[in-house]
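J.: Heads up: the sequence shown begins at 907 in this note's numbering, then just goes up one per residue.
Treat the hints as calculated values from the structure; they're not laboratory data. Note that this is a predicted model, so its numbers are computed, not measured. Any given hint could turn out to be false.
[Claimed, not checked] Across the chosen pairs, the derived CB separations fall in these ranges:
#	residue 1	residue 2	range
1	Leu983	Glu1390	37 to 47 Å
2	Ser1204	Thr1357	27 to 37 Å
3	Ile1209	Asp974	18 to 28 Å
4	Asp930	Gln969	49 to 59 Å
[Said to hold, decoys possible] In silico DSSO-like links for lysine-lysine, alpha-carbon gap of 30 Å or less:
#	residue 1	residue 2
5	Lys915	Lys988
6	Lys988	Lys1279
7	Lys1410	Lys1341
8	Lys1279	Lys1238
9	Lys1290	Lys1238
10	Lys1410	Lys1238
11	Lys1290	Lys1341
12	Lys1279	Lys1410
13	Lys915	Lys1279
14	Lys1290	Lys919
15	Lys988	Lys919
16	Lys1238	Lys1341
17	Lys1290	Lys1279
Ideal placement from N, C-alpha and C gives every residue a C-beta, glycine not left out.
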Amino acid sequence: MNSPSNTTKSLVKLNERSLDQLSDRVRVPRYDRSAVTPGIVHIGVGGFHRAHQALYMDNYLEQNPGSDWAICGVGLLEFDQKMRDALDSQDCLYTLVERWSETGPEGPSPAGDNARVIGSITQYLFAPADLEAVIETLADPQCRIVTLTITEGGYYVVEGTGEFDANHPTIQHDLQNPDQPQGVYGFLAAALARRRQRGIAPFTVLSCDNIQGNGDMVGRMLTTFAKLQNPALGGWIRENVAFPNCMVDRITPATTPSDLRMVADQFDIDDAWPVVAEPFLQWVVEHRFSAGRPDWESVGVQITDDVHPYEMMKIRLLNTSHQLIGYLGSLKGYAYVHEAMADAQIRQAVERLMDEVTSTLHPVPGIDVSQYKQTLVERFSNPKIRDQLPRLCLNSSAKIPKWALGSLRDKLEQNGAIDYLSLTIAAWFRYLSGKDDQGHEMPIDDPMADTLTERARAGGTDPMPLLNLTEVFGDLSQSSRFVEAVTQYLHQLHELGTEATLAKLL
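From just these sequences and the hints, can you work out the full model?
T.: Rendered as structure tokens:
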């Protein structure tokens, strides 16, 4: 991100020294950042983490000055150098802007946008520049929780089987070079090995990615990796490390140059990488920790013995709907989520998809699912967020198995309707052809892009080349009912176009 240029007025460059120069409209940390220490190491500092977990911890530090639960951020990828540079230039401070639509579920929303400087991240480590600093920070007794937002595709899982991808080049490198890790499991295993050797209790590993059973999954993957590297370490991790499941929710679009200009124009702040988010915020965490945790309940986190109903509701309703919006909206030529939701056909298809999935959900304590679904439609329709459709379509080969196929398998077992789940898959396949209904190019951003686009173009109206990708679909190609439904909708999308296909279905 480049700093905004503004020649009409003076901007305040964000850093620790400039906080008292900011407008009264901007909330700043109300605690002494030099007096707090990081008890949490977060791997994968992106927009979502900075709009979600870091905000919760900023609230917590305001209530508990001098706390030892601040955050040390870590970037493992070369791409993370941009975040390192932005945060280093600002003493790890950044601006969070909550953007309210004009109306919400309970009537008119607060006017304007709310800006706040977040101070809970007090340190940032860039692993490619100093591997040892990252490993030692993780091995330090001060670190008691390691949180992760490394995207759905960052866990080295073979999607079709759920097994550990031991043959991935990063995994092979880390298994053979335990002191020079590149991937998340290599760093975690190296740090836990040192803690075990030094007699230090292990940290908790808390995945904050949109994966059902995210804690169970990362625990299984890390333990498998460690056993391959050192069987004794793998056994120690299995016996001693806690991997709580959690559900996270806040729509956070990627920061754009227009967001930088908005922060400059509205709040007179020169911020290298602000973050923009919707007002809605939720975090539900299982009470399983190896070495203690903050009193998160005091800042609105829901602590539960079983997060499964919450995460199932969120993933199957919100995330699967996001996939359908992304593909249908892109095929119709829209750029933003709120534009797609203003299309009556897409809005109705999303509502029917959520209704179709509802029978697969478990009862959720304290949640009215009908109201939740209505709130989702309103959140998707917020024009202030300007969430871009390509973000929703990003890395679909990792998202579809985790978000849509569980519901699909349950509906097949129930012998229930699968029209809108099948439409979601067919719309993805049509999207993979790379051109929208108007013939405009659509870039496919996916680790499997070459394979996916090649099979999509070779198959055309025949979905089987894609459905036969067992690493994505497992054995679902053996379900004749599913194959027939996807074939029908894919044929219609190609031959009739998206609008006519939706007109027939709706």
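J.: Hint by hint, work out which the structure violates, then give me just those numbers in ascending order.
T.: Failing hints, ascending: 2, 4, 6, 13.
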